[in-house]
Amino acid sequence: MSAAPILAAFRQSLGEAWAGGAGALLPLGFLGGAAVLVPLGIGSDVETLKAVGPGIIWVALALASLVTLERIFQSDAEDGTLDLWLQTGAPVSAIAAAKTIAHWLSAGLPLALFSPLLALMFQAEASPDLLVNAGLYALGSLAFFFWGGVGAALSATVRRGGLLISLIALPLYVPTAIFGALAMSGGPGSAGAPLFLAASTLFACAVAPYAMAAALRLAAD
Amino acid sequence: MIRGERVLFREISVAVRAGDALLLRGANGAGKTTLLRVLAGLTRPEAGRVTRAAAHHWVGHREGLKPQETPREHLKLWTQAWGSGAETDPVLTRMGLTRPADVAGRYLSAGQRRRTALARLLLEDRPVWLLDEPYTALDADGRKLVDDLIAAHRAMGGAVIAAIHGEAGFAASGDLTL
Amino acid sequence: MWSYFANPHKFLRLSDWLAPAFYSLGAACIAYGLWQGLWIVPKDEYQGGDIMRVMFVHVPAAWLAMASYSALAIASFVWFVWRHELADIAAKAIAPIGAVWTAICLSTGSIWGKPTWGTWWQWDDARMMSVLFLFFLFLGYMALRAAMDTRQKAARAGAILAMVGAINIPLIKFSVDLFTSLHQDASVITADGPKMAAVYLTPLLVSAIGHSLLFGGLVMTRMRTEIRERRIARLRSRELEAF
Amino acid sequence: MPDFDKNAAYIWACYALGALLILGTTLQVILAARAARKRLAQLAANDTDGA
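Residue numbers (our numbering), protein chains in the order written: chain W, 5 to 225; chain F, 117 to 294; chain D, 56 to 298; chain U, 540 to 590.
Think of the hints as simulated: they come from the structure by calculation, not from any bench.
Predicted model, so just to flag it, every value in this text is computed and none were measured.
Please note that the accuracy of each hint is not assured.
[As the list claims (entries may be wrong)] With a Cα cut of at most 27 Å, we get these calculated DSSO-like pairs of lysine-lysine:
id	chain 1	residue 1	chain 2	residue 2
1	D	K208	D	K169
2	F	K260	F	K192
3	D	K208	D	K65
4	U	K545	D	K169
5	D	K98	D	K169
6	D	K65	U	K577
7	U	K545	D	K98
The following block holds chain W by itself, in its conformation from the complex (with noise of 0.2 Å):
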């Protein structure tokens, strides 16, 4: 067995989340959308948005994972390019894993970069804890992708997935969120938060392949 398919599947998924030319802008637009409707509904108060800004950016990554993982293994079911890569004799759960990490890279990571940015509008002091924190956002949302993951190779053949998707990895995102926000709040006990953060993203990325793998072969059925 070689990793040639899984290099390819990684390829073709990364391709089509930049097809249409857009690529990581439409999900940065989202992001940044979300993010700002949040002060026009509750007031430009500094320390009222400084305390909401890093949840608000982590439920916005949690939006956007949702929304860009409806189609990434529903188009392939459909278009029968799922009959082929359930064919080519490599573990299907790294084929799930390369396309899960191919939609992070053009849509997770680059959310996570911008999100200092975002943080400044917040009203968060420039200091190196921003790229920190856009260090553990990145962490963070690479769970998300995978936890979603699993909900979208589950509702691959469910028109209108997108909402079930959604239902599915909500209970699944809360460990990431809460890990998540402890690690910024600086409080007491976010000491050892980043661990658990990374910890449990990496719990994600060991269990939510073989899920999603099981999924997948459900979908071609």
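Take the given structure of chain W and dock chains F, D and U to it, following the hints.
Same frame as chain W, now just chains F, D and U:
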């Protein structure tokens, strides 16, 4: 094999040898596609098993071509995925896809998409071809091309299992009516 | 052992008398718990006075919320590994009933919270949060099953999701505990554990047994219904084919 | 009726809600079971007619 509450077929055994061409026949909904998918390992049979002694190619009724993918990109991708190292240009020429080679899938005609899917058969030499309605959407030229490909494949000792609804343009070595 | 229980006919015969037995015993236990809880048990000033009587509904519901998800996960696992149809029927039967008890747990917890904490919803209570996410797991499971077009697909998709949920529960629980422990130790509901006086413990245990029996009876009845529904579907499709 | 302190309304609300949900579920389950049994009996009767 059970689909929903319907038993499609039971106790079928399918075996092909080198040079064989097996035609699957049956009315719409009889289970031709399902049997092919079972043979390809995509669908799990309720009972029984499939023993595959050789690698196979799969061309289903969905082409597997992405809307943003051009035929050339499609063939490159699968050459890479299968590690076959085949040249794509001769294949494109053989399939009559030179002109639309760089047109994205969403702008191709149904026949051109089908030709692209069939082109995968030439990327790597695999003994068994599983074809689901290979003539769909093809013009007379295209049908002739399919017949030629199958003839060449069988001459080289390959086997074909195809679900075909109408007339087949080649002499089958066996029929299986579902 | 599994193959014995996996036989739908044997199940139908067994549940024919077992389900009514569960119903009557469960009703008797719940009635005893109600009587004790509402009339007999003295109010506990440390637990906020009479309000702690809510515990005789709330705690059994919380226990069943967790037990029913465990049962769902086990049934899914058994189906996934051994493909016994009855295990899938059980999983399908458990989910909505489990969701109902989870909803009871959430709503009574919320009503209990208002006079004790002053709010209908306490984000700092780890148990309420965990049960809320459990509720979402149930909802997702039911929605996924409903979205699949054949029963085989519903069974497979449901089993995958139930197992993914089950291995995530410890992590969710841990993260929620961590989240709440940092804010404040708000748990007023300390009604669990053997440290409770026997006057409360016995009626509570009897109530919990009663709820469990009722739950078991309902699941069995739903399984019987599902077995019959599947037979109906089979007969219908046979009629269709005869045409 | 027992006499509770200031929180009587909350207690009764809890018990009422629990009873409502449990009885409602039980009713639904039993009705569904009956309907299925009846339909199956009907179908089975038709089946033997046809055979």
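Q: Return the numbers of the hints above that this structure violates; sort them in rising order.
A: Number 1 only.
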